[in-house]
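Those protein sequence lines, which keep their order, are chains A and B. FYI, the working numbering numbers position 518 of the first sequence as 518, with every residue one higher than the one before it. Take any residue in the second sequence, count from 1 to its spot, add 738: that is its number in the working numbering.
No lab work stands behind these hints: they were computed from the structure. In this text, a Cβ means the ideal position worked out from N, Cα and C, and glycines have one as well. Wrong hints could be hidden among the right ones.
Stated by the list, open to error - Just a few of them, taken from the derived set where beta-carbon distance is under 7 Å, the chain A residues facing chain B:
1) 98
2) 253
3) 256
4) 259
5) 260
What the hints assert, rightly or not - Straight line, CA to CA, 30 Å or less: simulated DSS-like cross-link-like pairs of lysine-lysine:
6) 198/A <-> 1336/B
7) 1244/B <-> 1428/B
8) 198/A <-> 260/A
9) 1019/B <-> 260/A
10) 1336/B <-> 185/A
11) 1019/B <-> 193/A
12) 1427/B <-> 1019/B
13) 1244/B <-> 185/A
14) 1179/B <-> 185/A
15) 193/A <-> 1336/B
16) 1336/B <-> 1179/B
17) 1336/B <-> 260/A
18) 193/A <-> 1244/B
19) 363/A <-> 260/A
20) 237/A <-> 1019/B
21) 185/A <-> 1427/B
22) 1210/B <-> 260/A
23) 1730/B <-> 1210/B
24) 185/A <-> 1313/B
25) 1427/B <-> 1244/B
26) 1313/B <-> 148/A
27) 494/A <-> 417/A
28) 1730/B <-> 309/A
29) 1427/B <-> 1203/B
Stated by the list, open to error - Just the calculated beta-carbon pair ranges, DEER-fashion:
30) 1099/B <-> 247/A: 38 to 48 Å
31) 1259/B <-> 161/A: 31 to 41 Å
32) 255/A <-> 1026/B: 26 to 36 Å
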Amino acid sequence: MATYLEFIQQNEERDGVRFSWNVWPSSRLEATRMVVPLACLLTPLRERPDLPPVQYEPVLCSRPTCKAVLNPLCQVDYRAKLWACNFCFQRNQFPPAYAGISEVNQPAELMPQFSTIEYIVQRGPQTPLIFLYVVDTCLEEEDLQALKESLQMSLSLLPADALVGLITFGRMIQVHELSCEGISKSYVFRGTKDLTAKQIQDMLGLSRPAVPIQQGRPLQAPEQPVISSRFLQPVHKIDMNLTDLLGELQRDPWPVTQGKRPLRSTGVALSIAVGLLEGTFPNTGARIMLFTGGPPTQGPGMVVGDELKTPIRSWHDIEKDNARFMKKATKHYETLANRTATNGHCIDIYACALDQTGLLEMKCCANLTGGHMVMGDSFNTSLFKQTFQRVFNKGLNGEFRMAFGANLEVKTSRELKIAGAIGPCVSLNVKGPCVSENELGIGGTSQWKICGLDPCTTLAIYFEVVNQHNAPIPQGGRGAVQFVTQYQHSSTQKRIRVTTIARNWADAQSQLQHIEAAFDQEAAAVLMARLGVYRAESEEGPDVLRWLDRQLIRLCQKFGQYNKDDPNSFRLSESFSLYPQFMFHLRRSPFLQPILYAYSFHGPPEPVLLDSSSILPDRILLMDTFFQIVIYLGETIAQWQKAGYQDMPEYENFKHLLQAPLDDAQEILQTRFPMPRYVHTEHGGSQARFLLSKVNPSQTHNNLYAWGQESGAPILTDDVSLQVFMDHLKKLAVSSAA
Amino acid sequence: MSQQGYVTAPPYSQSQPRMGGFSAGFGPPNSSLHYGHYGDPNSSHAAPQPGMSKPTVPLGSSAPLGPLPPGTHQFSQNNFQSGASAAGQQPHRFQSPPPPNNTGPSYPPSSLHSQPASPHTASTSCTTQLANQLNSMQINSYGPSAIQSSHTSSGHPASFQGPQPLPLTQHQMALPPGPQIPPPANNFSGLCAQSSLPNMARQDGIPGSGLPNPNLQQLPGQTPGPGYHPQQGNYGPQMAGSQLSYPGAFPGGPAQLSGPPQKRLDPDSIPSPIQVIENDKSSRGGQIYATNTRGQVPPLVTTDCLIQDQGHASPRYIRCTTYCFPSTSDMAKQARIPLAAVIQPFATVPQNETPLYVVNHGEAGPIRCNRCKAYMCPFMQFIEGGRRYQCGFCNCINDVPPFFFQHLDHIGRRVDHYERPELSLGSYEYVATLDYCRNNKPPNPPAYIFMIDVSYRNINSGLVKLICDELKTLLDKLPREEQEESSAIRVGFVTYNKVLHFFNVKSNLAQPQMMVVSDVGEVFVPLLDGFLVNFQESRSVVNNLLDQIPEMFADTNESETIFAPVIQAGMEALKAAECAGKLFIFHSSLPTAEAPGKLRNRDDKKLLNTDKEKTLFQPQVNSYESLARDCVANGCCVNLFLFPNQYVDIASLGLVTMHTGGTLYKYNNFQLNSDSPQFLTDLRRDIEKKTGFDAIMRVRTSTGFRATDFFGAIYMNNTTDVEMAAVDCDKAVTVEFKHDDKLNEDSGALIQCAVLYTSISGQRRLRIHNIGLNCSTQLADVYKTCETDALINFFAKSAFKAILSQPLKAVREILVSQTAHMLACYRKNCASPSAVSQLILPDAMKVLPVYVNCLLKSSVLTGRPEIPTDERAYHRQLVMSMGVADTQLFFYPQLLPIHNLDLKSDAVPAAVRCSEERLSEGGAFILANGLSMFLWLGVSTPPELIQGLFNVPSFAHISTEATLLPDLANTYSKKIKSIVEHIQNQKPYTMKLMIVKQREQPEMLFRQFLVEDKSIHGGASYVDFLCCVHKEICQLLN
C-alpha cells in the first residue's frame, strides 16, 4: 500500500506533520491498546517556498475558549456569511472585510491546499535581532585566536541592523560597552557571586522606570520605543570597533598555578547575559551565544573545582550521586534557562574542548530555549568554524533560517485531548478544554513557547483519544487538530502559521487493518525515542530500556501474526517491519539508526545493513550517524591505496572509487547542522571504532564460526546482535505467558 | 590625665557641687551652670558685658578689695599680709563703694563657702564678699627660687619687667584663699536663685592700668647663664616668681555700681606666652643645641636653633612633657604631671642638620638585646673588654656578635664609638633583613592610587579637571631616594560616583581601558596588570586618561556617591599588587548611595552638651572601623581631600584616614578661583612628602616604667605595637608612660622608639630614636624640667580621645582640675610657705593656664550650635596626629603686627599676644594658627601700607575676596609676602589667607582666634580662667 507512504510524505511536505497513526482508533480503550500513542511530529516552520504569506490577520472563532482559526475544514454558509468552527461548532459571522466572499471567491484560508497558511500581522514595534556573544577567555592561545576570527567573521554574516553585544569571561566577567571613543570601557563582575536580574541591571546602569513585562502575552509588546543600550549596538555602527575589540581580546590575565584549572565563571557570565537582555529587550528575538572552552570552575554553576587533581564528574560519579556540584549547577542553569525562555530569548552553547565542559549541567539552557548546542574538540576545527557559520545560513528565499519567540498553540476536536509535547520548548501553562489530565512529556497545557527555532525544529506532540467506546463516532467522522504558531520571523516581522489537519476515525475492532496500514513506523520510532529520552531524564536508565522493550513486545503482540508459542510463525506486516530494528539501534545508541552505504567495484553505491557482516575488505563504507560521518576503507582497499594504485593511470577507476564516498560525504557535510565530525579511517585504524561501535554485532568473538570467513568483521562486544534480539523478541511476543 | 582617668569615674568629680555654687554666685541671672562649662557663654565668667564699669584698684595692689562687709576682713587681712608692696610699689588699695543692695547679713564663715548647697549658707551669704575675694586674687609665679632663695641671678627673665629684683620669698601676693568660694549669688532668695543677682557681685577691684606692671618684679640676669642646665640641680632659679595683681575676672555685670569707672587689669601683668617664647628665642635661638646630656630641656619649639645629635634624639623627633621623671609612682600620682613623649619619627630636619645615618649589618641584621629586643644604641654598656654588653633597658647581659666586636678604650668605651651611629647617636636607621618583611619577602615599592569622585558636583565645580590637569605635572614629582633617578612609586587611577571605574593604563596600550565595577557591595579589583604603573613608562597613556576623565563625565548627572567601597577598592588593589601605598581620595559629599558605609545626615545640634554628644565624634556605622583595620593590615594609607558644601560626617569619613596615618584636608565650599592654590599646594606637598609605609612602631623603656597609652593617627591591635599604614614627616604619636616600679636616679629613664617601615624605594628599614631622661625624688626637679608645649599636646590629644567616651563636660572638668592639681601640688611641695591666697606658678608651667584655656576654648571642646559638627570632628582629627610645634601654634595662634615693620631687616616681627587689646585701628596684623591665616586691617591702616600691599588707594578699596596678596614690586609687598611664606613654611597644611577689615562682618571669625579674650562662643578670657584655676588650687590646698 504505497499510497500511505505517499500520503505521509505529502502531508509532511505540506504541513510539516507526521502522525504515528494516520487512521485513528475511535475510542480511548482501543487507542491505549495500540501501544504506540497517537502523536505527531510537528515541524512548525517547515520551509514552504511555495507558500506566500498572506498580509492580514487570521479570522478567529468567537468563542472565547476556542478561538480556532478559520480553516478549510470549516463549514461555510456563503449566503449568510457565516462559518462554523470545526472544533467547537460555534457559528461565526465573517468580519466585514469578508463581505465579498462566495464559493468562487474564497479567501486562501478556506482553500484545501492551504491547510497550512502563514499570516503576516502588524503588532508592536519591530526590534532588530539581537546577538549577544558570551566568550570564554580561558582558552589556549590558538583556540582563542581561532574563536576571535570566527567571531569577527560572523559580524559580516549578521543582518546589518542586528544588535550585537559582547561579554567576555574568565575569572571575572566583563560586559563591554561598544560605542566608546578614545577609551574602551567595560563593566566588570566577579565570577563568584550570583546576582539577581535587578542587581545586574542596576550595576549595568540599565535600571529605569519599570516597564511591566507582560508574561504570557508576548504579542503585546510594551509600548515603548526601542531602548538603546550601550551594550547592544547595531552591527553596521560598531563593526569596526567590535572587530578591533575582539582582535585585542587577551587570554584571561589572572595567573593559573600549576595543578589548577583556570577559574572560569561561566555560570555568572551566562546569568549576566540573561539579565542584560531581560532588562533591555524582553520578548524580542535574541540569541545568547556562549562560547566556552572548558567546564565552569567557580561561582554559581560551577561543575568542577579548580584543583586538577579532582577530575570532572563521570557517569560513574553521577550514578553514585557523587558529583558534588551537579545538582546545584543544574539548578542554576535551569533557572537561567527558564528565565531566558520567559523573556523569549534563546541560548546557544558552543563548547569546544577535549575534556568535558559541563554540557550535562548546561544542556537545559539550549533545550528549553531552542538554542543550538554544539560540541567540538577545539575552536580551531572546521567542525566549529563551519557549524558556527551555518547558524547564519539563509534559507531558500534568502532569509535567515531562524525565528524567535514562537508560541505554539494546539487545538483539537472534542474526541481528542492534548497530553503533552516533547521538544525545545517550555510550557505556557495554558489550561483549556482540550488539555488532557494524563501527561506525556511537557503536558498540562495547550500552548508552548519555543524561543528559538528554525525550519527543522520539530516537536513531538502527544494526544489522548477521549472518546468513549460506547459513543461511536458517526461514519466518515474525522478528527481535527489545529496548530497555531505565532513567531517573530528573522525579518523581525510577526507572523502566524496555522496548520489544520484531519484524520479518519476507525473502529479498532472491526477496522484494525486500516489502522495498521496507516502506521508510520519512522514517525513512531522517533516519537517513542523522544518519550524514552524524556523518561530517561526524569527516571533511572535501566527502567527506560525495560520500558522500551515492553512497549516493543506489546506492539508485536498486538500487530504481529503468529501462532501462540511458536516464534517461527511470527510475522509483522510491512508497515511495522522496520520498527523492531529501529528500536534495537535505539537501545544501543544515543540516537536512532545510522545509515551505512557501501562503495565497491561490484556496482553502484548501495545502502547496506548496519551490520558487521557489511564490513568487507573490498568495500568502502560511508556511515552517517548524524553527528559523525565515517568513511572506512576495507582491508584490501586500504592496501591498494597504500600501494598507490590510485595514482596509476591504469587504475583510474580505483581513484574514482576512492573519491566517490568523499564527494558524498562532502555533500552531507555541506548541509548538516551541526556540522558532523568527519572521520576518514581504514581497516585496523584507531578511528574505525566509530564504525564498529555502531554496527550490529552479528559476528563477535562469541560466535567464532564466522572468523576468517569472508562475511564481514567480528566486533568485540558483549552486546547482542540484531538477530539474537529479534529471536528473543519473537519468542516473547508469541509467548502466552507474557 | 590618662585615658584611664577618663574612663573611670573622675576622681575630682566631687568638686562639681562646689563649682556649681561658684558659678551660681557669679553668674548672670541665667547662670546655673557648672564651672566646668567654661566655654559656656551662659556661665558667669564668660558673660560679655561690655561697657560695664568696674571699680579700679590701684596698680600693684596686692589686696585690691571691694567694699568689705563685716566679716570679710579676715580675708582682706590675709591679703594685706602678703606684702605685694614688697615690689616697691605702693599698694593702693581701692575700695569700691559699698553695693547698694548689700543688705545681707554678716558673712558666714569661710568653711561654709564650700558647701553652697546649704540653704542656710546661701541665705546668709553676701555677694559683695565674692567680689572682694576676686578682686584680691593675685598670682605668683614661683620658681624653685622660692625655695632656694639665695639664687636669683640666673632667674628666668620670664615676662616680668618690674624694675627691682626682690627676694623671692617676699613676692608672694596676697590672694584670698581658694576655698573661699563665693557664696551663692542671691542673698535674697537663697541658693541658685537666678533672677536677682546682686549688683555687688560685679564690683571688681582691679589694678589701675595707668602704671606699668606695678607688681611684677624683675629678676636680675636677663639671660640664663651656662649653669642653666638642669643637671645643676641646686642652681635653681630658672623661674622668677612673679606676682600679679589679678582682676576680679568677672567683668560681666550691670553698671549701676557707684564708684569710679572700672579699668581692666593690664594683661601684661599676667604671664605672657609671647614673652616666654621671645625670651627663649633670645636666650637660645640661633645657637647649637647638642643632645649630649641626659634629661636636658631643649629650647622651645618656637625657637630656631641648630640641633646636634650627640647621643639623644633631637627634640625634632621626641619631646617630653618633663625631662625628669619622678622616681616613684607615688610622686607621679601626687604631681599628676603627665609623663609623656611626643614622638614625630619622620620629622623634617633642616638642611643644615645631618640626616639620619643608615646602618647596614647585611644579613646579620640589627643587633638587639636578647631579652627585651631593644636595638643597639648608646645606652648599651659594653663590658668584659667589649665581648659583652649590658642592655640599658632590661639590664640583660648579651654577647657581642663577633662581627661587631671592638675593643674598649680606657674609659670603657668602644674605640669605634664615633664611627658607629648606633653607638654615638640618638637617631639612626638600620637596614632591615627579610625577617622584618611581610611573608619574609622583600617589599615592593609603594604605590599611590588617585581616586577621584566624578559625581555631578565635582565635575560641575571644575574640580575634576583641576585635579587631572595638576596630576599630569605632579606625577613627575613623586618622592624618590636621594640617590635614585626616578621614583619607584607606581601610580593607579580610579574614578567613582555610585560605582567605581578602574583604569588600565599599561604602557603598551594605545588608549586607556576603563573597567567599571558596580558591585559596590563586595568591591574587588577587576584587573591585575596595568592598574599600577610606572608613570615614566606609561606617561602617554596616563596623560591621555587624565585628559579624558573630565570629558568622559562631562554630562554626568549622578549626584550620589559611595565612600567605603572606594577605600576598599584601593586597599584591595594594593593587596593584590603586594605593596603598601597611599590612596588620594578626592571626595565631596555624604556617601548616600546604597553601599557599605552608606551614611545619613545624623548631625543633630540637640545632642550638644548632652551625654550623647560624643556620638557625633564616633563613626556612624561600624564598617569604617573594620575597614581601617584591614587597611592598616595591608599597609594602605588613606589621604582624604574633602570638598564639602554641607555636613559630610567627617567623624565617619575620616576614621580610616585617622587610623592609617593619612592626612585629612578639607576645603569648605570649594571655589575654583579662590581655593585652588590652597588645595593644589596641599596636594603637591602631600605627594612629595617623604613617607614611611607599612610601619610599625614600638616604644621600649628601661625598667620601672612603660608606655601605657598612645595617641595619634595610628592603629593598635594590641597594647604595644603601634601600627601605621604610613607615617609622614608631620605625624606625631604621643605616648604616655606609667610607673611599674621605682626608677633609679642614676640610670635615669631611657626610651627607645623603633619604627619598622618600608621606604619610598621599597627598602625595609628600622628607624631608631633614643632619649634618656633623668629621674628624681624631688618634685621640684620634675616641675623644673616640664615643657608646657608638650603638656598641651598631651592634654589636647588625651582630651580629644576622651570625648569619644565621656561627656564633654566631664572632659573639660578633668582638664581644669588636673591643671589646678598640678599647680597646687607645686605650690604645696615646691614653693615656700605663703599665704593660701597667693597663686604661685612654676616657671616652666607659667603659661600652662593660658594654653589650657585655649584648649578648652577649641571648637572641639566647645559644644556650641554655631560651630559645625564637621568642623569640630575635623579639628579633632587633625590635632590627634599633630606634633608639639603644630599644637602650640594651633592653640595659641601667632599674631604678627606688620604695620611697623623694619623693612630693611629680614627678621619676622615679634608676635604679640592674641588679644583684641593688641590690635589698633592704625595697625595691620597677620594671624595664623596652622590652618587659617588672616590679614587684619585696622580702619586707619596707613595708606602707604595699603597701597604697597594691595595697590589700591584706600582702605575702602581693599577687596576681601582675594586669598592671595598680589605680587607687587615694592618693599612692603615683598616683605609681607616673605613673612607669609615664612609662616607657611614647614606647616603641614596650607593656610588660606583671609583678608579681614576692622568692623566688617568677617571680623567675627577672626576674633575667635584672639584666644586670650573672651570667645564669642563663650570661652573664658585668660584672666577669667586664671581666676578659676586659682580657686581650684585654693580648694585643693585646703
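### Task
Let me know if the C-beta of residue 98/A comes in closer than 7 Å to any C-beta of chain B, holds or violated.
Violated, about 55 Å.
### Query
Do the alpha carbons of residue 1730/B and residue 1210/B lie within 30 Å of each other, as the hint requires?
holds (24 Å)
### Task
Closer than 7 Å between Cβ atoms is the bar; does residue 256/A clear it against chain B? Give me holds or violated.
With a closest approach of 12 Å, the residue 256/A hint is violated.
### Holds or violated: residue 363/A to residue 260/A, with C-alpha atoms at most 30 Å apart
The hint holds at about 25 Å.
### Query
Within 26 to 36 Å or not, the Cβ separation of residue 255/A and residue 1026/B?
violated (57 Å)
### Task
Given the hint that residue 1427/B pairs with residue 1244/B, test it: the Cα-Cα distance must not exceed 30 Å.
Measuring from Cα to Cα gives roughly 26 Å; hence the hint holds.
### Message
Need the status of pair residue 1179/B, residue 185/A: alpha-carbon distance at most 30 Å?
### Response
With Cα atoms ~35 Å apart, residue 1179/B and residue 185/A exceed 30 Å; violated.
### Query
Given the proposed pairing of residue 237/A with residue 1019/B, does the C-alpha separation stay at or below 30 Å?
Roughly 76 Å separates the two Cα atoms, so the pair is violated.
### Message
Given the hinted pair residue 1019/B and residue 260/A, is their Cα-Cα distance within 30 Å?
### Response
Distance of about 70 Å is beyond 30 Å: violated.
### Task
Given the hint that residue 1427/B pairs with residue 1019/B, test it: the Cα-Cα distance must not exceed 30 Å.
Answer holds: residue 1427/B to residue 1019/B is near 29 Å, not above 30 Å.
### Task
Given the hint of 38 to 48 Å, check if residue 1099/B and residue 247/A actually sit that far apart at their C-beta atoms.
Violated: the Cβ-Cβ distance is about 55 Å, outside 38 to 48 Å.
### Query
If you draw a straight line from the CA of residue 198/A to the CA of residue 1336/B, is it 30 Å or shorter?
holds (20 Å)
When held up to the earlier numbered hints, the structure conflicts with 1, 3, 4, 5, 8, 9, 11, 14, 16, 17, 20, 21, 22, 26, 28, 30, 32 and fits the remainder.
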